[in-house]
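S.K.: Each chain is listed here by its residues.
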Amino acid sequence: MQKKTLLNALCLAAPLLFPTLAFAAASAPVATQPRQSMAAGEHAEHGEPVGAGGAEVKDKTSGGRGKFMAWTAFPILKIKMGSEGRERRVVTVIPQGIAANSIDAYSNDIKDAKGHRQLPLDMAGAKLDKPEAGGFHWLVAREELDGEVRVASTVHFFSNPGKNPTAMFMQQKHELEIIPQPYPREHSRYRADEDWKFLVRFNGKPFASQWVRLETQNGTRTNFVSDAQGVITVHLPGDFKAEAEQKNADSHSHGRRGADFVLATKYIDGGKTYLTAFNGSYGPDAFDQRSLAMGLGFTLLGMIGAAPLLRQRKATKKPTDAGQTADASAVPETSKNKEA
Amino acid sequence: MLSKIFPTLTRFRFTIQLIMLFVTVYGGALLGTYTVDRISQALPSLACAYDKQTGDHCILIVAQHQLHHRIGEALVKAQEITLNVFIPTLISVGVFFSLFFFLNKAFCGWVCPMGTVQEVVFRIGRRLGRPLNRFAPGNVGKVRPVKWLMLLVLVLGLPLMAGMGTASNELGDPYCQVCPSRLATTLLTADTEQIALRTSTGINFFLGAAGNALFGFVIIAALAVRLPFCRICPLLSWNALFQRLSPMQLVKKQHDKCAKCGVCEKACPMDIHEIGQEYGKKAFHEDCTLCGRCVEYCPDDDVIQIKFFGIKLFGSSREYYKQRVKLETPEGLPKNKVIWLAQAKENQHG
Chain A
1 MQKKTLLNAL CLAAPLLFPT LAFAAASAPV ATQPRQSMAA GEHAEHGEPV
51 GAGGAEVKDK TSGGRGKFMA WTAFPILKIK MGSEGRERRV VTVIPQGIAA
101 NSIDAYSNDI KDAKGHRQLP LDMAGAKLDK PEAGGFHWLV AREELDGEVR
151 VASTVHFFSN PGKNPTAMFM QQKHELEIIP QPYPREHSRY RADEDWKFLV
201 RFNGKPFASQ WVRLETQNGT RTNFVSDAQG VITVHLPGDF KAEAEQKNAD
251 SHSHGRRGAD FVLATKYIDG GKTYLTAFNG SYGPDAFDQR SLAMGLGFTL
301 LGMIGAAPLL RQRKATKKPT DAGQTADASA VPETSKNKEA
Chain B
1 MLSKIFPTLT RFRFTIQLIM LFVTVYGGAL LGTYTVDRIS QALPSLACAY
51 DKQTGDHCIL IVAQHQLHHR IGEALVKAQE ITLNVFIPTL ISVGVFFSLF
101 FFLNKAFCGW VCPMGTVQEV VFRIGRRLGR PLNRFAPGNV GKVRPVKWLM
151 LLVLVLGLPL MAGMGTASNE LGDPYCQVCP SRLATTLLTA DTEQIALRTS
201 TGINFFLGAA GNALFGFVII AALAVRLPFC RICPLLSWNA LFQRLSPMQL
251 VKKQHDKCAK CGVCEKACPM DIHEIGQEYG KKAFHEDCTL CGRCVEYCPD
301 DDVIQIKFFG IKLFGSSREY YKQRVKLETP EGLPKNKVIW LAQAKENQHG
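Residue numbers (our numbering), protein chains in the order written: chain A, 1 to 340; chain B, 1 to 350.
Derived by calculation from the structure, the hints in this document are not laboratory data. All clues stand as given, with none of them false.
Listing some non-contacts, in silico: residues in chain B with all C-beta distances to chain A over 10 Å:
id	residue
1	1
2	6
3	7
4	94
5	101
6	103
7	248
8	253
9	282
10	307
On the chain B side, residues computed to face chain A include the following (Cβ under 7 Å):
id	residue
11	193
12	195
13	196
14	198
15	209
16	216
Positions of the beta carbon are idealized from the N, C-alpha and C atoms, including for glycine.
Chain A with its partners taken away, still in its complex shape:
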């Protein structure tokens, strides 16, 4: 009986017992997870095949539209959430570093009426509203001027995953493309110190041995070369600084820190120069602001809490309590066999 009481007490107390310990530990100084910083010489060996970089940035226009970002000269598309940060149904797409007239939006339901939309641009940007199906949206801005085709592309995800977006991602949308293989699905995101694959295509065909440049908001500049299948494996750098509080303003990020990155590639064909960029955001590495040691410690604490349950009890007259009972031959008497 005492054992049963103990069992009940432990089961009930377990979730309640640990808050005290947890709060005590939370009040203790927490060691900051060491973060990698890009060594200055790490990228020195790489050339500058695409020929862009933060140092060359000039403010071409005075408005927000078309204005270069301070950290990159490549064209990018910024996504701004609803004005109050709570609105999920409409986002504003703001092209930067590119003078486009509209934004093309492709949803993962290509056959839907909203499968491909041209969103008009005003000074604030282009409004993208969530279709019923929700899901992934490929957003692209294109500018063609003086024999140069500049493309900025990104992906936005509305809640409700909808149809599988692979076909939409793989559909050819412009000449030179950088396509995520795959894009992080719902509840996931790009993170530092992870490898992600991207497909480089030209006119719909995989583009082998093509240089692709990576630039991040945190200052990393590096290059990758596509393999025979046109795929580049991008290692997102662990370049978040410990002291930087880069929490995104919108609540969609769940208060997580994040920074932007852009991948860009350039190719000259038939007298035209094609420059295509794909941008997104990435967060710190998986163990940022996490402690594995403390996690294992509290798990162990829970295990210790359950350990008394494993103690072998002394044999009792009621063998069923020890779980060693019900012999095969011990068929209970029932009305049938009693009658028999």
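Chain A is already provided as a structure; the job is to place chain B on it using the hints.
M.R.: Same frame as chain A, but now just chain B:
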């Protein structure tokens, strides 16, 4: 042929559980990255969204997020409480219950990866000769309300308050932060991220510490207690809300010897003593996961049955019972198998 592969219902159920464990934990890797999003709409079951390889998403994270991001926010902006706001939530919950309608709580007993993990650990506990700790009829009632508390506070209350801005945004999915399935399924994919405590804020740390401690407790307790976490799982209470509406039912006829026999009670992994004492609706208790063990271990023909639209899928039988107890005791102790630690102990003494 089938009867040779699956000589017992338990063997059949365990096979289904292992298949579903594989689908829910590694399904994304097998079927494609984005497939999880689609499967989740068709099978919004019980796998953890924090598992990067999962083939499915648990309904509880969907519910918390929708209360947090949709309903809670909409309540603040009352003019926006329209069908457009509620429809996504209704669809998610509705799709879940449409499947639940056919399976009833068999979700818990046949599909849930955390249930499977606990059952595997319990089987290891039997082979290790660990004792079986059961809840007595007088005590089990003290634990049962905890699952309702978990549902009301962690799954419904706090996410809604976070959405309305009256609770911290970090309380948007508090249940997931303490759910042991999050740790079990991610560890099964060799991902240690989730077991590492979030140290960014006190709330994160507190929830993580409680979750890790609960996980550690459950894993060890499962060696000596059957399904320790299931007893407080909010999905059990969530399902119980609609238990009577499903055509899948556990049916028990009145039988004059039931109160004296009690083997089905011993076989029940949820310690539902009512199955031995009651009949009719009272015997199909809200904690029942439709695992079918009580049916297997009922020594009388057709006293306990699992029925679907009134058609018997599986019923108790005396012949089956005789075969069943030759393989395993009602408490789950395998027959004619080496009990490792017990064997060692006997050798030591003998």
